[in-house]
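One letter stands for each residue in the lines below.
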Amino acid sequence: MKIKFQYILSFALIASAVSCKKDNFEEPKAALTGRIVYQGEPLNFEYNKVSYELYQPGFGKTGPISSIFTPEGAFSHLLFDGNYKMVVPLGQGPFVWKQTADGKPDSVAISLKGNTSLDIEVMPYFMIRTPAFAYSGGKVSGTCKLEQIVTGANARTVERVTLYISKTRFADSQTNVATANVAGLAIPDLNNVSLNVTVPALVPAQNYVFASIGVKFSGADDMIFSPVVKLTF
Amino acid sequence: MKKFIIAISALFIFGAGCKSDSDYLDIKPTQVLSTELAFSDPAQVLSILADLYNRQYDYPRLTEWVTLGDFNEAFYSQNDQYNNYHGNSTWDFRGYKGPDFEGRPAYFWTPWDYKYIRELNLFMERCAAGTALDEPTKALYIAEARFLRASYYFTLTQYYGGVPLILSSLEFNGGDVTALQFPRKKESEMYDFVIKESEELKVLLPANANTKARATKGAALAMEARAALYAASIAKYGATTPSVSLSGGEVGIPAGMANGYYTTALRAAEEIITGGAGAYSLYKKQPANLSENFAAIFYDKTQNNEVIWADDYALKFKRHGFTQVNQPRFGAEEEEGGRINPSLNLVQSFEKLDNTFEPLATNDINGNFIYYTNQQDIFAGRDARLGGTVIIPGSSFKSRPVDIWAGVQLADGTVISGSERGAQKVLPGKTVPEQVVGFDGPISGIEHSAQTGFYIRKYQDPAIGSGQRGVGSAVWRVRYRFAEVLLNAAEAAFELGQTALAANYMNEVRSRAGLTVPLTAGDINFDRVVHERRVEFAFEGEYFFDLKRFRIAHKIFDGVALSKADLLSNLSKATKRSTQPYGLLPYKFYAPGSPNNGKWIFKVDLSNKVTASDNWQLGNYYSQIEADILTKNPKLVKQPNQ
Chain A
0 MKIKFQYILS
10 FALIASAVSC
20 KKDNFEEPKA
30 ALTGRIVYQG
40 EPLNFEYNKV
50 SYELYQPGFG
60 KTGPISSIFT
70 PEGAFSHLLF
80 DGNYKMVVPL
90 GQGPFVWKQT
100 ADGKPDSVAI
110 SLKGNTSLDI
120 EVMPYFMIRT
130 PAFAYSGGKV
140 SGTCKLEQIV
150 TGANARTVER
160 VTLYISKTRF
170 ADSQTNVATA
180 NVAGLAIPDL
190 NNVSLNVTVP
200 ALVPAQNYVF
210 ASIGVKFSGA
220 DDMIFSPVVK
230 LTF
Chain B
0 MKKFIIAISA
10 LFIFGAGCKS
20 DSDYLDIKPT
30 QVLSTELAFS
40 DPAQVLSILA
50 DLYNRQYDYP
60 RLTEWVTLGD
70 FNEAFYSQND
80 QYNNYHGNST
90 WDFRGYKGPD
100 FEGRPAYFWT
110 PWDYKYIREL
120 NLFMERCAAG
130 TALDEPTKAL
140 YIAEARFLRA
150 SYYFTLTQYY
160 GGVPLILSSL
170 EFNGGDVTAL
180 QFPRKKESEM
190 YDFVIKESEE
200 LKVLLPANAN
210 TKARATKGAA
220 LAMEARAALY
230 AASIAKYGAT
240 TPSVSLSGGE
250 VGIPAGMANG
260 YYTTALRAAE
270 EIITGGAGAY
280 SLYKKQPANL
290 SENFAAIFYD
300 KTQNNEVIWA
310 DDYALKFKRH
320 GFTQVNQPRF
330 GAEEEEGGRI
340 NPSLNLVQSF
350 EKLDNTFEPL
360 ATNDINGNFI
370 YYTNQQDIFA
380 GRDARLGGTV
390 IIPGSSFKSR
400 PVDIWAGVQL
410 ADGTVISGSE
420 RGAQKVLPGK
430 TVPEQVVGFD
440 GPISGIEHSA
450 QTGFYIRKYQ
460 DPAIGSGQRG
470 VGSAVWRVRY
480 RFAEVLLNAA
490 EAAFELGQTA
500 LAANYMNEVR
510 SRAGLTVPLT
520 AGDINFDRVV
530 HERRVEFAFE
540 GEYFFDLKRF
550 RIAHKIFDGV
560 ALSKADLLSN
570 LSKATKRSTQ
580 PYGLLPYKFY
590 APGSPNNGKW
600 IFKVDLSNKV
610 TASDNWQLGN
620 YYSQIEADIL
630 TKNPKLVKQP
640 NQ
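Chains as they are written, first to last, in numbering that gives the first Met the number 0: chain A, 0 to 232; chain B, 0 to 641.
There could be a bad hint or two in this list.
[As the list claims (entries may be wrong)] In silico BS3-like links for lysine-lysine, alpha-carbon gap of 27 Å or less: (1) A/Lys-84 x B/Lys-634; (2) B/Lys-634 x A/Lys-103; (3) B/Lys-185 x A/Lys-97; (4) B/Lys-185 x A/Lys-103; (5) B/Lys-608 x A/Lys-166; (6) B/Lys-351 x A/Lys-103; (7) B/Lys-283 x A/Lys-103; (8) A/Lys-97 x B/Lys-634; (9) B/Lys-637 x B/Lys-351; (10) B/Lys-637 x A/Lys-84; (11) A/Lys-103 x B/Lys-602; (12) B/Lys-637 x A/Lys-97; (13) A/Lys-144 x B/Lys-554; (14) B/Lys-563 x A/Lys-84; (15) A/Lys-138 x B/Lys-608; (16) B/Lys-300 x B/Lys-283; (17) B/Lys-563 x A/Lys-138; (18) A/Lys-166 x B/Lys-563.
[Unchecked claim] Per the computed footprint, the stretches of chain A lying under chain B, defined by three or more beta-carbons under 8 Å from a beta-carbon of chain B, are: (19) 89 to 102; (20) 169 to 178.
Calculated from the structure, these hints are not laboratory results. The beta carbon of each residue, even a glycine, is placed where N, CA and C say it ideally should be.
Please take these sequences and the hints and turn them into a complete structure.
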């Protein structure tokens, strides 16, 4: 049997005509962005630590969209327009998240229509004020003030303050080349916290490091951080 | 010819096709056993029960070596995975700590298996309805299934706190699914259930100390003692972490209930100790070699009166490769071994024979190295359990000495070493190359070598062939043993203020390990209780639950790098930081003419593969309930940090 060219052509035509049905959903277009702030001042966290959940009620599904704040305390999603609720689970974050009467985390209602930017106010246990870093003679020093924000029943004490230095912009407990710690009880004056750490040999060699200060509170997993600073030797 | 074939096939078609339709469709499948059939034969029922036994959840388990050495009690010696194991500072809330042995992400702290519970419930119901078994056998099998169910609920409680308590099989009738959704019980109610079941089961199960793989009165009482003790310590020490609790009591137990549970634990443990459940005693068959005696608890299955309940193995039927993957690599029966390398953190916590704690003496007070004639000398005068738990340099396994040394140190401090096991180099003043590093390492980053200077000894099988892939090992996984009953009694007595009694029970366990100077009532404190359990039950899984129930894990793994000075101080303290696994590497001293030539020196070492400092989060105390489970049952409340 000979296969004729026109058969193939007509077959291909029919196939393309039948199969090219538009079957894609429209992609989400509304961008939801924002930051976690205290009195308008952004909070800094650690990479991959402080998680939150977004719910879109009304579709029969009860599961959340789970995600994690960036080290700069920011979040961003591409979503469909609609009403959402944002929740930070209990025990997450170095801040107090409002709770409902029955002890569940309260939700922030978000009505999304087009691109929306939204800053969420929380009460951190402490704020790191006037962080300053300096490099001299093979050492990095860091100073800051700690200002207590949350008082009363939810107040936490400073368990430890840590100075992290790192080869990359991630300078935290998971990524660092050297750390210096001071226990909270060993700090005489929270208005004058000072740490310094020797820079180890960097492989491969580089003439800069990144530094940040993290504060751990007793009874809270996640630390609060100062913004990461690049120090060039 | 063709006609013949057609005729014959026509015959066949008519012959086979002419069956009435109803018969044709009514053929019993030969590979599926119906319920009636399964429960009509005693042997079948027993095999169903055996399957239920097999499905208990153990952590750690011998079939997956990575489950044994977590919490910096060991260094994991596996190429390509160091960053997962030692470069990763946090545990997932479901217990993810690097991949399993095949490289898949592994969640080790998620036993949630209600299919198993359903099948246990179904077994009890069908067994009761069946007619094939005589009444005593039927009652025994049902009691065993009840024991397995209580044991599994106990396991679930250890990981999740309160969970839904389903005690009969549920059927979906096509209507309302909410009738099948149950909320979580309180954590205390879970422990109450386990204690109540144990109390009822102890009279239904046989009091036979020779039965190890099946439920006995001893196993029920041991479970009761452990459950009551766990409940008590969560009540008492849970108060130190108030954020790890739920207002509904699903997680956390009120502190006021502690004493009641401690009393129950002590009573149940003492019922075993006084012989109420059969002739259990500490294993003391080899008084001449206490280390070997300790190791033998786990491989000697004949007349072993210490073991109360075990997950048993038998060659050719149910076996594991624990020895295969952990045996000393040099001269091993297979081209592998040495995965779990116990850390110095653990090794140095074994006491000296005068009941004091001291780091291993590597240097004198002036900082000079101490020279040892034999490698084992540095470990002399210590708790005999050390040699039964860890293969130390200079010791033997399967009558074959291990070859653990990291290099040659010259008089000027220069170290000559090699990058492969047993490497050879020319030493100064010589012309012929000679061996400069042990055939078992340690070489940093080379898998199978003893990278901390130690191999694991516990659970290794001395039988010939146990290290071969084709043979495997039948060493059992001990779930309850008499020493734990004693230490449970000691802990309960201590918490109830009966320190003299606590010292008595603890001394029994300690004297078996060669610590013959008895502790007095005044010596018993919280640190002692925690420490004794850590060294006695190293790599047996107790440590994981102790970390959780004493609420000390977040202090031990606080995310701060462990300095050498920290490592070597405060050895007796229960909350001592242990965020990184250290090693102790032996070096041969080479200085011809010196009296110390050929002797051994030791160096405390942190592998450059260890880059993270472990950080236990409060959310790790109770495993996360996975999102799909929560979605299926909206009545479940989330965990405190979820």
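Which numbered hints fail: Result: hints 6, 7, 9, 11 and 14 break, sorted rising.
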